[in-house]
Amino acid sequence: MSDEDDLDDYDPDQEDLEREDEEEKETEESEEFRKDVEEFSEEWMPNPLTEAVLKEGLSLLCKTGNGLAHAYVKLDLKDRDLTDISLLRTYIHLRYVDISENHISDLSPMNSLTHLLWLKADGNQLRSARLNELPYLQMVSFAYNQITDTEGITHPRLGSLDLKGNQIRVVTNLDPEKLSNLHTLELRGNRLESTTGINLPKLKNLFLAQNMLKKVEGLENLSSLTTLHLRDNQIENLSGFSKEMKSLQYLNLRGNMVSSLSEVAKLRELPKLRALVLMENPCADETDYRQEALVQIAHLERLDKDFYEEEERADADEVRQRLKEELEQEADTENDLEHDASSAPLV
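With the first letter of the sequence shown counted as 1, position 203 gets the number 204 in the working numbering; the numbers rise by one all the way through.
Keep in mind that the hints were calculated from the coordinates and are not lab data. A few of these clues could be false.
Claimed, not checked - Straight-line distance between alpha carbons at most 25 Å, and here's what the computed BS3-like set of lysine-lysine pairs gives:
1. Lys306 with Lys267
2. Lys215 with Lys179
3. Lys203 with Lys244
4. Lys215 with Lys267
Unchecked claim - Cβ pair distances, simulated, as ranges:
5. Leu61 with Ser87: 20 to 30 Å
6. Glu237 with Asn48: 42 to 52 Å
7. Gln235 with Asp107: 31 to 41 Å
8. Gly241 with Trp45: 10 to 20 Å
9. Glu313 with Thr173: 39 to 49 Å
10. Leu61 with Arg269: 44 to 54 Å
11. Tyr137 with Asp80: 25 to 35 Å
12. Lys247 with Lys306: 43 to 53 Å
13. Val171 with Lys247: 22 to 32 Å
14. Gln330 with Ala266: 15 to 25 Å
15. Gln168 with Gly219: 18 to 28 Å
16. Gly153 with Lys244: 25 to 35 Å
17. Arg158 with Phe308: 36 to 46 Å
18. Asn174 with Tyr97: 20 to 30 Å
All residues carry an ideal CB built from backbone N, CA and C; glycine is no exception.
Can you make the complete structure from the sequences, with help from the hints?
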């Protein structure tokens, strides 16, 4: 998914717009994929992996760890109707494995692959992401399975974890010490009702779209987070954001239930926020929607799919200055009234 691009060195250009267009297309495709998985989730005839099928999928001949022998380290078993991968236990030199779009429910044979760097197991019958700690594993994708929790994910070099399209309701036991290198977490299309449990200070990209979220909470310690996707949830207010989220640059809240533009003021504490997506919220129908958002967040560079022009910035500056003067005048009036009341003679 293009939304997963690292925005650590965020540059507000056409790339963000293309990312959102592709996300719309993928949203439709993911719904179709989910329906297919549900439709064909019944029991399958046993079809264990054989030597013949395995050898067809092998490629990339490399030296083994000791440098004295060679072995194939890449295996592609995508869409082979497999139900059992027990044979993999003996292929300990594998580093890149794709077992997507099969009918696999047991991942335990992967525990023998201690040199594994990359694992893709999308579209299977997995109910758990649990594996033994694999010391070199850097990328895992378990999208569109039937996983219900985040237990047992403890790979110290893991950088990217994809769990979209599962049935996770609560995030638990994502240990920041055991996932010290995790920079991208994909949880789109689950059943999350809360954002708590994602206490990963080194996380840069977090995708929580298409869940059942009503508010943002428990993300205060994500000081390295640059990208946060919350599209198509049920969020009504913008409380829960903190100045500790000092790296956040891109925030997508499209298709939520934010009804008032006054909520945008709560995002002022995000010092690096540059791109904000609020379309398909009730507040986007308010008069002067674009101007009001810029008045509230002076450093904003883009709202929805349009960048702010210099003229818009000048107008927002004028409104902001006028509001400041009005507040100062009100404060002076109140002070005068208080002074008059305190100096009035007692009767």
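These are the hints, each one checked on the structure:
Taking the CA atoms of Lys306 and Lys267, the gap is about 21 Å. The hint holds against a cut of 25 Å. Among the hinted pairs, Lys215 with Lys179 is inconsistent with the structure: their alpha-carbon atoms are about 29 Å apart, more than 25 Å. For the proposed pair Lys203 and Lys244, the alpha carbon gap of about 16 Å is at most 25 Å, so the pair holds. Between the alpha carbons of Lys215 and Lys267 the distance comes to roughly 16 Å, so the proposed pair stays at or under 25 Å and holds.
In this structure the supplied range 20 to 30 Å holds for Leu61 paired with Ser87, their Cβ-Cβ distance being about 23 Å. For Glu237 and Asn48, the Cβ-Cβ distance of about 48 Å falls inside the hinted range of 42 to 52 Å, so the restraint holds. For the hinted restraint 31 to 41 Å between Gln235 and Asp107, the CB-CB distance of approximately 36 Å keeps it satisfied. Checked against the hint of 10 to 20 Å, the C-beta distance between Gly241 and Trp45 comes to roughly 43 Å, which is inconsistent with it.
The hinted range of 39 to 49 Å is satisfied by Glu313 and Thr173, whose Cβ atoms lie roughly 44 Å apart. Taking 44 to 54 Å as the suggested C-beta distance range, the pair Leu61 and Arg269 conforms, at roughly 50 Å. A beta carbon spacing of about 26 Å between Tyr137 and Asp80 agrees with the range 25 to 35 Å that was offered as a hint. At roughly 26 Å, the beta carbons of Lys247 and Lys306 sit outside the given window of 43 to 53 Å.
Checked against the hint of 22 to 32 Å, the pair Val171 and Lys247 passes, with Cβ atoms roughly 27 Å apart. Distance hint check for Gln330 and Ala266: the Cβ-Cβ separation is about 20 Å, which falls inside the suggested range of 15 to 25 Å. Between Gln168 and Gly219 the beta carbons are some 21 Å apart, a value that agrees with the proposed interval 18 to 28 Å. Under the hint 25 to 35 Å, the C-beta atoms of Gly153 and Lys244, about 34 Å apart, fit the expected range.
Take Arg158 and Phe308: their Cβ atoms lie about 38 Å apart, and the range 36 to 46 Å holds. The hinted window of 20 to 30 Å between Asn174 and Tyr97 holds, with their beta carbons roughly 27 Å apart.
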